[in-house]
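Build the full structure now, drawing on both the sequences and the hints.
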Amino acid sequence: MLEYLLCFATGFLTKLTDWQVDEKLFVYKHFQYVTGFLYGFGAGYLITRSTPLATVVIAVTIGVLLGAKIERRAHQYALAALFLALAFWGVPPIDFVVLGALVAFGFADEALNDFLEGRRVPVLSFVGRHRLLLDLGALGVSIWTGEWAYFLALICFDAGYQLVNLLAPRFLEALPGSQGHHLLLDLYDCAPWLLDDFEFVYRTLELAPGKAGMRALGEPHVVRVKEKRDEGLTGFVFLKESHASVHTYPRFGSAHVDLFSCKEFDSGKVEKWLVKRFKATKSVARTVNRTDER
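If you read the sequence shown in the numbering used here, its first letter stands for residue 1, the second for the next number, and so on.
No wet-lab data here; the hints were simulated from the structure. Each residue gets a CB set at the ideal place from its N, CA and C atoms; glycine is no exception. Among these hints, one or two may not hold up.
The calculated lysine-lysine pairs, modelled on DSS-like cross-linking and capped at a C-alpha distance of 30 Å, are [said to hold, decoys possible]: (1) Lys226 <-> Lys282; (2) Lys279 <-> Lys226; (3) Lys240 <-> Lys263; (4) Lys269 <-> Lys282.
Label-pair distances were calculated between CB atoms; the ranges are [to be verified]: (5) Phe238 <-> Thr48: 27 to 37 Å; (6) Leu217 <-> Thr281: 29 to 39 Å; (7) Lys276 <-> Glu199: 47 to 57 Å; (8) Lys279 <-> Lys226: 18 to 28 Å.
This is the structure we're talking about:
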């Protein structure tokens, strides 16, 4: 019974590490290395407990390695911890026929998940998203051998794994810099006297951060540009989250605003405020969603 509880805890810690590494959700600084080490050590200990548990854990590990899923340091800590546990307690006999079958199912799980990324295929998408091929393989092995530890170990692991999927979005926050918005706003047919008003542009840059829930790092910097083919005001302000800039062209009645943040903000609210403030009759807004895709 304790082994199955450890399977559940290992699944929970594995997915918690995934969320921190892949989704950039923040628990505590460097906590991903702690959870990575713990799930690796737990997996290593499970290997030492019995032949079925050892076969399942080693099969999953080989499948993940073949799928090239151990490129992040937190998961490398897990692999090191797994070998450390084996150095302490050793490895029991392995059923290599079952191991080969489970490795094949585990690798197929990873390959299917990669293939379906960005695609929506009925039934297959559900199977790939929840990595059910290995579970089905373990069920078949348990029926074939009469040893239900193969299937139960994976079900307990998956229960902990899926629990994190339910809880993480509610209780974890995005790591600063990993997500956010970039608002690019073009305003046309603006009130021309506002576009040439130094104090107005300065005040706009003072107010804009607050409208987006951000904080300025110092005073705005605004300069007047007057050249043969280009004249107007240009200004920017550094933000704790990134920066904001405004460029006005009184001759053409247009203003162009960039608001860049490493956090998400209500770009629609900011757009409406700027349209009203510049008295624009036409606006074109584009919002770039900033995410980590490495």
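These are the hints, each one checked on the structure:
no. : hint                          : in the structure
1   : Lys226 <-> Lys282             : 25 Å, holds
2   : Lys279 <-> Lys226             : 23 Å, holds
3   : Lys240 <-> Lys263             : 10 Å, holds
4   : Lys269 <-> Lys282             : 16 Å, holds
5   : Phe238 <-> Thr48: 27 to 37 Å  : 55 Å, violated
6   : Leu217 <-> Thr281: 29 to 39 Å : 34 Å, holds
7   : Lys276 <-> Glu199: 47 to 57 Å : 18 Å, violated
8   : Lys279 <-> Lys226: 18 to 28 Å : 23 Å, holds
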